[in-house]
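J.: Make one complex out of these two single chains by using the hints.
Keeping their order, the protein sequence lines are chains A and B.
For the first sequence, my numbering assigns the number 1 to the initial residue and increments by one for each residue that follows.
For the second sequence, my numbering assigns the number 179 to the initial residue and increments by one for each residue that follows.
Calculated directly from the structure, the hints in this document are not laboratory data.
Treat the hints with care, as some may be off.
[Said to hold, decoys possible] To give an idea of the chain A side of the interface with chain B (calculated C-beta under 7 Å), a few residues:
#1 11
#2 13
#3 14
#4 39
#5 42
[To be verified] In silico lysine to aspartate or glutamate, EDC-like type, Cα no more than 16 Å apart, as pairs:
#6 A:15 / B:721
#7 A:20 / B:721
#8 B:658 / B:631
#9 A:77 / A:51
#10 A:15 / A:157
#11 B:667 / B:636
Here a beta-carbon is modelled for each residue, glycine too, at the ideal position from N, C-alpha and C.
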Amino acid sequence: MTKILIIYAHPNPQKSRLNKQLAFAARTLDFVTVHDLYQHYPDFDIDVAHEQALLDKADVVVFQHPIYWYSCPSLMKEWLDLVLHNGYAYGKGGDQLTGKRWLSAISTGADQSAYKSDGSHGHELDQFLLPFKQTAHYCAMTFLPPFISHQARQLNDAGIQQQAQQYKTLLNNLYVQL
Amino acid sequence: MYQAFIFLLAAVVSVPIAKRLGLGSVLGYLLAGTIIGPYALGLVGHNVEGIMHFAEFGVVMMLFLVGLELRPALLWQMRLPILGLGGLQVVLTTVLFSAIGLLLGFAWQTSLAVGLILALSSTAIVLQSMNEKGLMNTEAGQNAFAVLLFQDIAVIPMLALLPLLAMTPSSDVASSIGLSGWQHGLVVLCAISAIIIGGRLLLRPLFRIIASTKLREIFTATALLLVIGIALLMDLVGLSAALGTFIAGVVLADNEYRHELEAEIEPFKGLLLGLFFISVGASINFDLLMQEPLVILGLVLALILVKFTVLIALAKLFKLQTSQQWTFTFALAQGGEFCFVLFSFTSQHHILPEHVTAPLVVVVALSMAFTPLLMIINERWVQPMFVSQQDNDQLPDTIDDGVTQVIIAGFGRFGQIVDRSLTLNGFSTTVLEHNAAQIEYLRKFGHKVFYGDASRQELLHAAGADTAKLLVVAIDDHEKALEIVRICKVHYPHLKLFARASGRIQAHEFHKAGVDVFVRETFHSALNLSEQVMTSLGLHAYDAHRAIRNFRKLDERHVRDIIKLEGDTKDYVSMSQKNRKELEEVLKSDINDIEELEDMQWGEK
Numbered sequence: 001m002t003k004i005l006i007i008y009a010h011p012n013p014q015k016s017r018l019n020k021q022l023a024f025a026a027r028t029l030d031f032v033t034v035h036d037l038y039q040h041y042p043d044f045d046i047d048v049a050h051e052q053a054l055l056d057k058a059d060v061v062v063f064q065h066p067i068y069w070y071s072c073p074s075l076m077k078e079w080l081d082l083v084l085h086n087g088y089a090y091g092k093g094g095d096q097l098t099g100k101r102w103l104s105a106i107s108t109g110a111d112q113s114a115y116k117s118d119g120s121h122g123h124e125l126d127q128f129l130l131p132f133k134q135t136a137h138y139c140a141m142t143f144l145p146p147f148i149s150h151q152a153r154q155l156n157d158a159g160i161q162q163q164a165q166q167y168k169t170l171l172n173n174l175y176v177q178l
Numbered sequence: 179m180y181q182a183f184i185f186l187l188a189a190v191v192s193v194p195i196a197k198r199l200g201l202g203s204v205l206g207y208l209l210a211g212t213i214i215g216p217y218a219l220g221l222v223g224h225n226v227e228g229i230m231h232f233a234e235f236g237v238v239m240m241l242f243l244v245g246l247e248l249r250p251a252l253l254w255q256m257r258l259p260i261l262g263l264g265g266l267q268v269v270l271t272t273v274l275f276s277a278i279g280l281l282l283g284f285a286w287q288t289s290l291a292v293g294l295i296l297a298l299s300s301t302a303i304v305l306q307s308m309n310e311k312g313l314m315n316t317e318a319g320q321n322a323f324a325v326l327l328f329q330d331i332a333v334i335p336m337l338a339l340l341p342l343l344a345m346t347p348s349s350d351v352a353s354s355i356g357l358s359g360w361q362h363g364l365v366v367l368c369a370i371s372a373i374i375i376g377g378r379l380l381l382r383p384l385f386r387i388i389a390s391t392k393l394r395e396i397f398t399a400t401a402l403l404l405v406i407g408i409a410l411l412m413d414l415v416g417l418s419a420a421l422g423t424f425i426a427g428v429v430l431a432d433n434e435y436r437h438e439l440e441a442e443i444e445p446f447k448g449l450l451l452g453l454f455f456i457s458v459g460a461s462i463n464f465d466l467l468m469q470e471p472l473v474i475l476g477l478v479l480a481l482i483l484v485k486f487t488v489l490i491a492l493a494k495l496f497k498l499q500t501s502q503q504w505t506f507t508f509a510l511a512q513g514g515e516f517c518f519v520l521f522s523f524t525s526q527h528h529i530l531p532e533h534v535t536a537p538l539v540v541v542v543a544l545s546m547a548f549t550p551l552l553m554i555i556n557e558r559w560v561q562p563m564f565v566s567q568q569d570n571d572q573l574p575d576t577i578d579d580g581v582t583q584v585i586i587a588g589f590g591r592f593g594q595i596v597d598r599s600l601t602l603n604g605f606s607t608t609v610l611e612h613n614a615a616q617i618e619y620l621r622k623f624g625h626k627v628f629y630g631d632a633s634r635q636e637l638l639h640a641a642g643a644d645t646a647k648l649l650v651v652a653i654d655d656h657e658k659a660l661e662i663v664r665i666c667k668v669h670y671p672h673l674k675l676f677a678r679a680s681g682r683i684q685a686h687e688f689h690k691a692g693v694d695v696f697v698r699e700t701f702h703s704a705l706n707l708s709e710q711v712m713t714s715l716g717l718h719a720y721d722a723h724r725a726i727r728n729f730r731k732l733d734e735r736h737v738r739d740i741i742k743l744e745g746d747t748k749d750y751v752s753m754s755q756k757n758r759k760e761l762e763e764v765l766k767s768d769i770n771d772i773e774e775l776e777d778m779q780w781g782e783k
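The shape of chain B in the complex, shown without the other chains (with noise of 0.2 Å):
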């Protein structure tokens, strides 16, 4: 309880404070975790390896909720950058490092397994600080995720081969899960046949009977069962967690439930995530640091170097725009949090030495804490260099690659017709629908419907409203789709914001709510017929054309006249009545107007 009020107290203080000063969430947490760690203020125990652990658990539904973010027909577009890029990243960092290694006289094995362990950088820090700067789009974001994506699958594989290099011989990884090579293997392809199998057939199914139950707290459950179920089936057979949560969400990113589960683990993953990185900051040796701080310093320098020299290399190698190349190199020059894991699995396995793997703990800490930094040294610096050639570069960029632009909250009739004809013209619409029976349907025919409530402001956030141009409000339920319209008012302001209104009176509340356009659901339609009706009755079309159209032109103004009114007045009591006078003085100035609105023959005189 203690604890968790520490960990609660410093980020809420200390984050918001990096935020104000520019510096990102990611580094407040790093200041945080320094703060209130054994070796400042010692707020905490020295238990802080066993919080990390815990912790780690966020890093895990991160690659959840990326994997959400992506489709596999996505993910195999990346297939280049990803094997390319993020193979050769980890080969030549993995080289330079053992290089260096034997340059300074340690043995081979030592210095290829540090240089394995270095190669790898933080996933949590990246995406995280690239997702705060909105990065994660552009050319730099995609490339840095196809090497992190690549490293997390390094990790198994450099799992089963660091107890080859210990100085000691010990007991086989491979023999204390009981089982031979080729055995291990076929069990881990059956886990993920599992995990991809299961997915797209039976979690449908079974989120539609969670979701008709309409408890919210049930869902969240199910959301959390299944990632953490994924992640211990994956500890089970010797996977990372990660990379299986990861699959996972990839095979989900289809589903209908996406954006619903997105809201639901999006929170934990946050605070987990915070707390990680709080006991990233806490667990920072600085007694080593004290002992010798230039050591540990050049330690941390040179780390840095030489991942930003490969990097940058590789960036020019594949031929990433000059501006994208830097941010890139700057995001990825760090060790990363495996690092930690693989340090204390090869001291276990006496792979390392206790005097080799502490101090780079320390470093590698340090090079975390200072990544924030140089992403901030990269945007203020670095980058303004090249913002007139940037410029020149990303003018063709700018139609939105997939992002939302229209998130539409209802796919009841009306919904469906604003999507379809939304889509067929080649905008990028995100449906939100609560009907979980109507989706099953619609999904049959091919739309692309997410299962949620969107008066909840979670579930708005993972349909994109952050980027999104503007939101339609087609729900039935007026008191519902104010709701939304209210949220978006406080959270997003700069979403345009459509409205179906049922009547007059659903109208005027969505104007006052501050809705920017609205149109009566059977307006239209209504004068629709009503034109071919005049014309079957003999009147000439264009003529019942332009009565029909005189008549929209008139009631909307009236309509919004009314809307005048009603602010003055305040008067709603007699509603009702009002509105029938009103339409009296419609139908009445109707005739003067429309004599008013026919126009004059021409070239008489």
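Just chain A, same shape as in the assembly (with noise of 0.2 Å):
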């Protein structure tokens, strides 16, 4: 009864506080399976056939990933490259995904500030962003606001919690909007 697929790529889950936490509370939701990628695929050799056909029981797909060097962990990216590919997700024939809403939940090291022009990064998250944004567009996706964590190593156990809160709620809704 999946209706809401988290595509979850850490590739240091035991040692995040943050993205394991959310992981966790959205583990809880009969509706939503999490699909930990490095768990499944240690050595790289993603199984297309199976991600696709966890994608066909899915309406919403989320993306849970920290950000690293602006884009995502190199096993996500892996994971794009292979299962979206011409003829399932755009090209010809390739509608598996139309209509099927994206969201990006993402966390990042730095606070809010440092996405900024004049931060340490230079640019708002939103614009990093953008590849995820035109992937869902391409595959005829609907691009939902991102739900952001920032500065995830600095929150303590409360902020985490509401964090994970917050998560559980959006996915409920999310849910129950179908």
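T.: Structure, rendered in structure tokens:
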């Protein structure tokens, strides 16, 4: 009864504080499937057919990952490269993702002020998400406003719990809207 | 004894010199023959012809070996060049020579007989020279072989046809065997069927029994017995022995003992062929040459030119690559060893008069002697003209056509996995395995496995060590594996060597022996299992993966360090003690190094 599929990409999940709690919270919802990419494919050998079968059952696809070098962790990039191929996600006959919704649930190490034109990263975080936004559009998916957690490593336990609760609420709302 | 000494001495002295001068071994043998022959030093008596007949067996063995290389499917693929190119070559050359004979005022029977005989080329010289120059797998080599094969087949009807051309009627050949035509045909058919059926059904179990005795000389004896037996059978039914053994070779080409057979027959073939070339050289009648040098040399020139014209025309007709056309033509423009047989046959049956055959024998022998020279001319002055063109033509041709790239020694559990994964990905492998029972079992599953002890250089040679790119040593017996490595280092330095080591100590020894890549047999599978244990104990799969990756890296680095250390101290005595200490160090250093290898989180200050 999967309605929401979370593609979870974190290369160091045991050391993650926030993402671990987000994933934990999401798992408590029975309409959500959390799919841990690094757990399934430690050798990066992605089973494309299996991934597509998961996507077929989902109406909302959440990509939950930390931001590394203004992008996603490498295994998720590999996932995008292999799974969203011509004839499946785009191109002739490639309408399998049409109408599904894309939610980027991302965490950053720096605080929000770093993602300003005068901050250390020089641009708004939104601008860095352009590749994901356009990927969603190219696959005829709806790109939802991203769920962002800044300064993930600095949050205290209460902050993390609050973030997890918000995440859960968002997922619930998405489910109700379906 | 004395004769053998002279022949061997002549070969040992002249062949290396000829090779050093870039003339090839065939010319070396021929020159050696003329020098020790009755017309120069006279070190050998006048029974050269007897020796030549004996040595012709080398040609028979060569065709057996050629057959072994040629699977039936491959032969079927060659049917067009064999029948078309070969057939036209024989017919056109015969017609041209006959016409010349008629113009010179000979009777049509004489002209036709001479034409037929001179249409033949020398299988022995052409194949040996082309092999030596590595031309057999080229277009020219394959087509030349097709023509030679047709000629070898054509000898049979010629032997039947020639007596009909006799000037003075003599005893009929067919009746001399005591059979009518159709009976003879039936006997021939039976003999060939016997070879094919026997080769398919009987030889495999026979070889298995022989191989399981583990007595090498018995295997050698069996191989020789097989070739000689078939030659005798062919003689009995009036077929060419070369053709019979060729068929036997083709029948056995799929056999797992093929490489072992090759290795056993090869030295005999080499020696006999050398002897044959020497006797050709020694049999050149210089008296006749001296009496009428202009006539003889003119005839040699005419022979070469006529054949040349026909060959180049056919090469163009069959659309060979331009450069290959010339190699093909230069290689085949000579008379062959069958000419000697047929000329003596025709004299005996009064088909041709002695005063015609005697000079022609000299002409044929000289044309054979000139072949290596013609091939050198082609190589040095003709081929360079096509170099740039050839580069363009041959670019898409670089993929080895069925030539073995990888030799795998040992087809146990380890070698099997290596072989399966390589062949499935389109790499051609040749597998050598010493256990006959194992081979039988694996053959049932369709594996290409050959019987033999890979630590023998001849077998490595037969398996294609000269042309292969790398060798995988996957046999259990460590001493034998080291022996293979040492042989390859000496004889096949171009081969990249990959070895399976059972443990660290063996890995050291392989490294010292010069192996390029070694893998400890249990190392990777143990780590794989360990990774799965960690995951099932609750470690995140990617953490487990990285932990194992780090362990592997550290351990491999450590083995390399020890090898370096080993070279300095040369202390083998306390190997096991040292090993244990090293292991402790590995474990200690792991803890530090793994921390160091752990990656940093991105994006934090």
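J.: A closest beta-carbon separation below 7 Å is what the hint needs, so does residue 13 of chain A meet it against chain B?
T.: Result: holds, 5 Å to nearest chain B Cβ.
J.: Per the CB criterion, is residue 42 of chain A less than 7 Å away from chain B?
T.: holds (3 Å)
J.: Hinted pair, alpha-carbon criterion (16 Å max): residue 77 of chain A, residue 51 of chain A. Please report holds or violated.
T.: holds (14 Å)
J.: Minimum Cβ distance from residue 39 of chain A to chain B below 7 Å?
T.: holds (5 Å)
J.: Given the hinted pair residue 20 of chain A and residue 721 of chain B, is their alpha-carbon gap at most 16 Å?
T.: The hint holds at about 15 Å.
J.: Regarding the pair residue 667 of chain B and residue 636 of chain B, is the alpha-carbon distance no greater than 16 Å?
T.: Holds, because 15 Å separates the two Cα atoms, which is no more than 16 Å.
J.: Interface hint check: residue 11 of chain A, Cβ to nearest Cβ on chain B, cutoff 7 Å. Holds or violated?
T.: Constraint on residue 11 of chain A satisfied, holds at 6 Å.
J.: Check whether the Cα positions of residue 658 of chain B and residue 631 of chain B lie no farther apart than 16 Å.
T.: It holds: about 9 Å lies between the C-alpha atoms, which stays within 16 Å.
J.: Does the structure keep residue 15 of chain A and residue 721 of chain B at a Cα separation of 16 Å or less?
T.: holds (10 Å)
J.: Decide if the proposed pair is consistent with the structure: residue 15 of chain A and residue 157 of chain A, CA atoms, cutoff 16 Å inclusive.
T.: holds (14 Å)
J.: Is the hint on residue 14 of chain A kept, meaning its closest Cβ partner in chain B is under 7 Å away?
T.: With a closest approach of 6 Å, the residue 14 of chain A hint holds.
Comparing the model with each earlier hint shows no violations; every hint is respected.
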